[in-house]
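Student: Chain residues, written in single-letter form:
2 protein chains.
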Amino acid sequence: MGKIQDIKIVLLGAGNLATSLGIALQQAGFNVLQVYSRTQMAAETLAARLGATATHGLESLSADADVYLLALKDDALASVLPQVCRLNPHAVYAHTAGSVPMNVFEGLAKNYGVFYPLQTFSKQKPMDFASIPCLIEGANEFSEDVLLQIARALSHDVRLTTSADRRVVHLAAVFGCNFVNLCYSLANETLKRRGLDFELLLPLIDETAAKVHRLSPKEAQTGPAVRMDKAVMERQMSLIDDAEERRLYELMSEMIHKLANT
Amino acid sequence: MGKIQDIKIVLLGAGNLATSLGIALQQAGFNVLQVYSRTQMAAETLAARLGATATHGLESLSADADVYLLALKDDALASVLPQVCRLNPHAVYAHTAGSVPMNVFEGLAKNYGVFYPLQTFSKQKPMDFASIPCLIEGANEFSEDVLLQIARALSHDVRLTTSADRRVVHLAAVFGCNFVNLCYSLANETLKRRGLDFELLLPLIDETAAKVHRLSPKEAQTGPAVRMDKAVMERQMSLIDDAEERRLYELMSEMIHKLANT
Numbered sequence: 001m002g003k004i005q006d007i008k009i010v011l012l013g014a015g016n017l018a019t020s021l022g023i024a025l026q027q028a029g030f031n032v033l034q035v036y037s038r039t040q041m042a043a044e045t046l047a048a049r050l051g052a053t054a055t056h057g058l059e060s061l062s063a064d065a066d067v068y069l070l071a072l073k074d075d076a077l078a079s080v081l082p083q084v085c086r087l088n089p090h091a092v093y094a095h096t097a098g099s100v101p102m103n104v105f106e107g108l109a110k111n112y113g114v115f116y117p118l119q120t121f122s123k124q125k126p127m128d129f130a131s132i133p134c135l136i137e138g139a140n141e142f143s144e145d146v147l148l149q150i151a152r153a154l155s156h157d158v159r160l161t162t163s164a165d166r167r168v169v170h171l172a173a174v175f176g177c178n179f180v181n182l183c184y185s186l187a188n189e190t191l192k193r194r195g196l197d198f199e200l201l202l203p204l205i206d207e208t209a210a211k212v213h214r215l216s217p218k219e220a221q222t223g224p225a226v227r228m229d230k231a232v233m234e235r236q237m238s239l240i241d242d243a244e245e246r247r248l249y250e251l252m253s254e255m256i257h258k259l260a261n262t
Numbered sequence: 001m002g003k004i005q006d007i008k009i010v011l012l013g014a015g016n017l018a019t020s021l022g023i024a025l026q027q028a029g030f031n032v033l034q035v036y037s038r039t040q041m042a043a044e045t046l047a048a049r050l051g052a053t054a055t056h057g058l059e060s061l062s063a064d065a066d067v068y069l070l071a072l073k074d075d076a077l078a079s080v081l082p083q084v085c086r087l088n089p090h091a092v093y094a095h096t097a098g099s100v101p102m103n104v105f106e107g108l109a110k111n112y113g114v115f116y117p118l119q120t121f122s123k124q125k126p127m128d129f130a131s132i133p134c135l136i137e138g139a140n141e142f143s144e145d146v147l148l149q150i151a152r153a154l155s156h157d158v159r160l161t162t163s164a165d166r167r168v169v170h171l172a173a174v175f176g177c178n179f180v181n182l183c184y185s186l187a188n189e190t191l192k193r194r195g196l197d198f199e200l201l202l203p204l205i206d207e208t209a210a211k212v213h214r215l216s217p218k219e220a221q222t223g224p225a226v227r228m229d230k231a232v233m234e235r236q237m238s239l240i241d242d243a244e245e246r247r248l249y250e251l252m253s254e255m256i257h258k259l260a261n262t
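Respectively, the protein sequence lines represent chains A and B.
For the first sequence, the residue numbers in UniProt numbering are 1 to 262.
For the second sequence, the residue numbers in UniProt numbering are 1 to 262.
Check the hints yourself; a few may be wrong.
As the list claims (entries may be wrong) - So the derived label-pair ranges between C-beta atoms look like this:
1. B:ASP242 with A:ASP128: 30 to 40 Å
2. A:GLN5 with B:ARG152: 36 to 46 Å
3. B:ALA130 with A:ARG152: 34 to 44 Å
4. B:MET237 with A:ASN103: 17 to 27 Å
5. A:HIS257 with B:GLN40: 21 to 31 Å
6. B:ASP242 with A:GLY51: 44 to 54 Å
7. B:GLN27 with A:ARG194: 28 to 38 Å
8. A:ALA28 with B:GLN27: 37 to 47 Å
Said to hold, decoys possible - Derived EDC-like pairs (lysine to aspartate or glutamate); straight-line CA-CA distance at most 16 Å:
9. A:LYS125 with B:ASP241
10. B:LYS230 with A:GLU207
11. B:LYS110 with B:ASP145
12. A:LYS110 with A:GLU144
13. A:LYS218 with B:GLU219
14. A:LYS230 with A:GLU254
15. B:LYS123 with A:GLU219
16. B:LYS258 with A:ASP242
17. A:LYS73 with B:GLU144
18. A:LYS218 with B:GLU144
19. B:LYS125 with A:GLU207
20. B:LYS192 with B:GLU141
21. B:LYS73 with A:ASP229
22. B:LYS218 with A:ASP74
23. B:LYS110 with B:ASP75
24. A:LYS125 with B:GLU207
25. A:LYS3 with A:ASP145
Calculated from the structure, these hints are not laboratory results.
Since we're looking at a predicted model, the values are computed, not measured.
Ideal Cβ positions, reconstructed from N, Cα and C, are used throughout, including at glycine.
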């Protein structure tokens, strides 16, 4: 592809991921031409940070880019693909979704692929891309090379990954991030109901995450469910009013006990 | 109580918590006289690190200590209490359990309380106690003062907490640590089945924990369940063979969606 500053990129999306990705691209020296978002305000906010133009109309998308990165919600992605892929027959088109197979581009573009950064993003704090695993897939050698070049300019953990493997990684990410965060929420609600501070739990939360850097999660498991300490578990259940939460407590306790004994 | 080096402590237990606690006590300058464990080997291993004597017999426990710290499993605790509390009528007795009320000592000792360090412990890596919240409860002013003095010598986050509040904190800790770790396990199993590395998820796991330092867990929540993205959720469910794991996926997804909309 040549030099980084010669690679022109149009970024579709202005959400959490698009914001972090756009900032990382710009900092790495890529030429981000334009930001698209369904809402003009969101497009402008991100475009201003990147020195790019903003648009909320697909018909105003630049046809001049070498790469179109589609960091959109899965349902929005499907609806914009046909129009976007018509812009430039030589460009590379890539989406950033964990569970969308690469072949959504089939028949719509010649050069395409996937650029999936495995991280949870928030707009408030743009993530440093350097340590984010970037899972790359390309429909042909050219697409793969372009996407690898971009990924390697942002991150030192770049992996070629098939759609089938990426889907599994995305499921693991739902367990390791979204479901973990639900547990944080339930801890927070439990404390709040009694006027206690969530911040009390932060050292425990941090150590629980740190522990699985040096032990397998199975080795790291502690708590009443491992040893099926019925007395503690029943005392804890009696503190839970919500029926769903009780079902969750029982189900997770059973699963912890089973996993500990396999 | 006087100077730290004059406070003589007997430590009952040689497990994960007892090991970290013993090392922290010794480093803070306390005089750890003796370590008790049901197995002589475990008692000796920890005692050697602390320059203390070791015993596996309750009848050989020293009666010379000012403080007896019982860092035992909940069921072991109940069975040793009567004998231990008879040793020295002037001493302070404290257990370290989240869900055991202080009044288990009632009628057995005059001076007693609870010393609950809110953390997950492993023997491999003794925890630095400085940032561990220590929840203290005392049956009388003397007991409270002694336990506060010890806690403050180890940690800069010491809080007087009732048995009722501690029980709630312990439940929150099960959500925020034990159940979180189960999610890590399920992520690990998901990846392993396809020959993928758990280490791929560590940046995501770390950021998920880091995020709730600056956002509430509710604000931090991302993923397909927040927006009830049925297409992604069904694609993910189709990857799960285990019936319990599917139930968990459904239940947690529903709960995430509900919490996001309250």
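Student: Which hint numbers does the structure go against, in order from smallest to largest?
Tutor: 2, 9, 10, 13, 17, 18, 20, 22, 23
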